[in-house]
Amino acid sequence: MEYVLKTTALQKKYGSFTALNGVNMHIPRGAIYGFVGKNGAGRTTLIRLICGLQFPTSGEYSLFGIPNTSKEIVRSRKRMGAVVETPSIYTDMTAEDNMREQYRILGLPSFETIPGLLELVGLPDTGKKKAKNFSLGMRQRLGIAAALAGNPDFLVLDEPANGLDPQGIVEMRELILKLNREKGITVLISSHILDELSRLATHYGFIDRGTILREISAEDLEAACRKCLCITVSNVQALCMALDEKGLEYRVLSDDQAEIYDTIGITDLVETLSAKGCIISSLHEREEGLENYYMNLIGGNHHE
Numbered sequence: 238m239e240y241v242l243k244t245t246a247l248q249k250k251y252g253s254f255t256a257l258n259g260v261n262m263h264i265p266r267g268a269i270y271g272f273v274g275k276n277g278a279g280r281t282t283l284i285r286l287i288c289g290l291q292f293p294t295s296g297e298y299s300l301f302g303i304p305n306t307s308k309e310i311v312r313s314r315k316r317m318g319a320v321v322e323t324p325s326i327y328t329d330m331t332a333e334d335n336m337r338e339q340y341r342i343l344g345l346p347s348f349e350t351i352p353g354l355l356e357l358v359g360l361p362d363t364g365k366k367k368a369k370n371f372s373l374g375m376r377q378r379l380g381i382a383a384a385l386a387g388n389p390d391f392l393v394l395d396e397p398a399n400g401l402d403p404q405g406i407v408e409m410r411e412l413i414l415k416l417n418r419e420k421g422i423t424v425l426i427s428s429h430i431l432d433e434l435s436r437l438a439t440h441y442g443f444i445d446r447g448t449i450l451r452e453i454s455a456e457d458l459e460a461a462c463r464k465c466l467c468i469t470v471s472n473v474q475a476l477c478m479a480l481d482e483k484g485l486e487y488r489v490l491s492d493d494q495a496e497i498y499d500t501i502g503i504t505d506l507v508e509t510l511s512a513k514g515c516i517i518s519s520l521h522e523r524e525e526g527l528e529n530y531y532m533n534l535i536g537g538n539h540h541e
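For the sequence shown, the working numbering puts the final residue at 541, and the numbers step up evenly by one.
Quick caveat, the hints were computed from the structure, so don't treat them as lab data.
Careful, some of the hints might be misleading.
[What the hints assert, rightly or not] Only pairs whose alpha carbons sit at most 20 Å apart, straight line, appear in this in silico SDA-like list of lysine to any residue:
id, residue 1, residue 2
1, 366, 337
2, 315, 354
3, 420, 387
4, 483, 504
5, 365, 329
[What the hints assert, rightly or not] Label-pair ranges, simulated between beta-carbon atoms:
id, residue 1, residue 2, range
6, 367, 451, 38 to 46 Å
7, 414, 526, 16 to 24 Å
8, 353, 451, 34 to 42 Å
9, 288, 518, 49 to 57 Å
10, 451, 342, 35 to 43 Å
11, 419, 492, 19 to 27 Å
12, 239, 492, 42 to 50 Å
Values in this document were obtained by computation on a predicted structure and should not be read as measured data.
The C-beta atom is built at its ideal place from N, Cα and C for all residues, glycine as well.
My request is simple: use the sequences and hints to build the entire structure.
Given below as structure tokens:
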């Protein structure tokens with residue numbers, strides 16, 4: 238698999254404090270990678286490292302296959318666009334003037350692509366309105382437009398939906414999906430808004446206290462979080478026999494508990510088990526979801 242970003246044992250210390258502790262991360266080309274962690278977990282520190290704003294204490298990373306120790310890393314970073322923490326925009330300038338300034342910084346020869354870029358992010362008609370009079374969502378979109386100025390293959394967004402109202406969040410989601418699907422841009426989204434992230438991400442990385450707890454694809458996460466029927470019985474072997482006879486998918490958890498993943502008639506199951514001398518003591522539906530999955534990861538990490 239081709240990775241846009243790969244980190245190996247990446248560590249960052251500030252004095253005696255370890256912000257990143259041996260981070261191993263893999264972002265596949267074409268992915269929308271949801272970087273999940275609470276405030277202070279190390280998400281922004283990692284982003285600042287890969288953007289070249291800070292340097293690692295130890296370990297390494299590569300962008301488009303180029304290691305950070307190589308002089309060529311500068312060229313790889315030109316294929317990146319980033320909005321770190323807050324959008325870097327000039328509030329006393331219009332959207333178009335902000336973009337012109339960004340083009341000058343990047344040394345781009347022509348301004349003719351600016352109108353198309355502003356239209357792409359949903360800011361085609363702001364005219365002479367200054368950025369200080371923009372809504373938060375408009376400022377976020379202008380920040381993304383600036384990050385897209387160099388036509389990047391990899392876009393890094395740090396909390397892009399932070400502070401947005403529901404409509405702004407939906408607009409941000411649609412923009413990110415459009416950039417990924419229509420432009421083929423690989424996106425790293427650092428966020429703690431898990432419900433929104435679950436609507437976007439194709440891959441996830443969960444970080445806590447500077448350590449990556451797990452990386453998982455959205456497909457595997459969905460399988461791990463899918464809805465099931467949790468059942469407690471007096472005889473789990475009798476339950477297995479009954480479920481096998483019906484050709485149903487299940488997983489045994491203990492001597493008296495199991496999870497059933499297929500749809501089943503409760504009355505029919507009770508009658509079948511009763512005929513085998515097996516009694517159901519409890520029965521309930523469960524659908525874990527991204528938030529519970531993450532909390533279980535963190536809970537397990539804190540109790541190791």
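Going through the hints against the structure:
1. 366 - 337: Given that 20 Å is the threshold and the Cα spacing comes to 15 Å, the pair holds.
2. 315 - 354: Distance of about 18 Å is within 20 Å: holds.
3. 420 - 387: 13 Å, holds
4. 483 - 504: Holds - the C-alpha atoms of residue 504 and residue 483 are around 14 Å apart, at most 20 Å.
5. 365 - 329: This hinted pair holds, its Cα atoms lying about 11 Å apart.
6. 367 - 451: 38 to 46 Å: Cβ of residue 367 to Cβ of residue 451: about 44 Å, so the range 38 to 46 Å holds.
7. 414 - 526: 16 to 24 Å: At 21 Å between Cβs, range holds.
8. 353 - 451: 34 to 42 Å: Since the Cβ atoms of residue 353 and residue 451 sit about 39 Å apart, the hinted range of 34 to 42 Å holds.
9. 288 - 518: 49 to 57 Å: 55 Å, holds
10. 451 - 342: 35 to 43 Å: 38 Å, holds
11. 419 - 492: 19 to 27 Å: This hint is violated: roughly 53 Å between Cβ atoms.
12. 239 - 492: 42 to 50 Å: With a Cβ separation near 46 Å, residue 239 and residue 492 satisfy 42 to 50 Å, so the hint holds.
Hint 11 from the list above is the single one not met by this structure.
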